[in-house]
Amino acid sequence: MTPTTVKPETLNEILAQVRPQLPAEPRIAELYGYPFIDSLGDPAVRVTVVFAEDFGKEGPDWSQLKPIQDAIFQVLRDRGIEDFPYVRFVTSRELAANPDAR
Amino acid sequence: MSLHADLRAQARHLATLDRTRPRQANLRRAVSAAYYSLFHLLIYEATGMMFGWHRDRRGFRRALARGFSHQSMAAACKSFQGGTLPTSITAAVGSLPIPAERRDLAAAFAKLQEERHRADYNMALPFTRSEVLSLLRELDRVVGGWQRIRMQPAARFFLMALPLWEQLRR
Numbered sequence: 001m002t003p004t005t006v007k008p009e010t011l012n013e014i015l016a017q018v019r020p021q022l023p024a025e026p027r028i029a030e031l032y033g034y035p036f037i038d039s040l041g042d043p044a045v046r047v048t049v050v051f052a053e054d055f056g057k058e059g060p061d062w063s064q065l066k067p068i069q070d071a072i073f074q075v076l077r078d079r080g081i082e083d084f085p086y087v088r089f090v091t092s093r094e095l096a097a098n099p100d101a102r
Numbered sequence: 103m104s105l106h107a108d109l110r111a112q113a114r115h116l117a118t119l120d121r122t123r124p125r126q127a128n129l130r131r132a133v134s135a136a137y138y139s140l141f142h143l144l145i146y147e148a149t150g151m152m153f154g155w156h157r158d159r160r161g162f163r164r165a166l167a168r169g170f171s172h173q174s175m176a177a178a179c180k181s182f183q184g185g186t187l188p189t190s191i192t193a194a195v196g197s198l199p200i201p202a203e204r205r206d207l208a209a210a211f212a213k214l215q216e217e218r219h220r221a222d223y224n225m226a227l228p229f230t231r232s233e234v235l236s237l238l239r240e241l242d243r244v245v246g247g248w249q250r251i252r253m254q255p256a257a258r259f260f261l262m263a264l265p266l267w268e269q270l271r272r
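Protein chains in written order, with the working numbering: chain A, 1 to 102; chain B, 103 to 272.
According to the in silico footprint, chain B covers these stretches of chain A (three or more CB under 8 Å from chain B):
#, stretch
1, 32-43
2, 53-60
3, 76-84
4, 87-99
Not the full set, but computed from the structure, chain A residues with beta-carbon under 10 Å of chain B:
#, residue
5, Arg46
6, Thr48
7, Ser63
8, Leu65
9, Lys66
10, Gln69
11, Asp70
12, Phe73
13, Arg102
Note that these hints are calculated values from the structure, not bench results. These numbers come from a predicted model, not from an experiment. All C-beta atoms, glycine included, are put in the ideal place defined by N, C-alpha and C.
All chains should be modelled from the sequences, with the hints used to inform the complete structure.
The structure is reproduced here in structure tokens:
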């Protein structure tokens, strides 16, 4: 198996650095990630953005999420991390209701 | 409607089917439908650009469609998303500019394929409704963006590179 190229603690340090630069709305309650090997066998990182507020039945507007995803892509590129970033968006309430989804 | 459009509609239907707590079966099938919507859209576009969309060319399109592999397409998309095209390509076409629409589409394809894999095989990490709806919103956005750039030569090159990626990147 191909080893991952970023350590979990390094990834989370980078995410902590980028967090203040992310849009204020929708409010982010938590931002965390971990490295893994994706289904193609490539090193990858899964980043979870946890929002403090719920969204309506139609879900979040992508125009609000894209700047967050772009900023995460950019900071990882800037730090020389080539592992493909898979960014997921969830809410605090959802994680409280289903902790396995963390 | 086309298969890819039907699959996109099906994904949204499944993601919003349950009034209260969504069932994992519906969320996971929604993710799968979303991925296959984009997979079939790209194949439809690639084979159509090669043979045209006329009905009497359908057999050619369908025969060629079988040559598109998930792995090759995802590997190509990762490269296009990261802007890291292999030197075998840049040596021929120069530093190919990758417009935001194509970069976003490539990112969405790679993400949806990985999430489709998770939906079918990884029971350890459940999906949430917000997560699935955000994937569908991203899909809607990249499909709209694709319509704006699909006739550009570089977009056609992207389509043709999808099934040939293993050979092209050598």
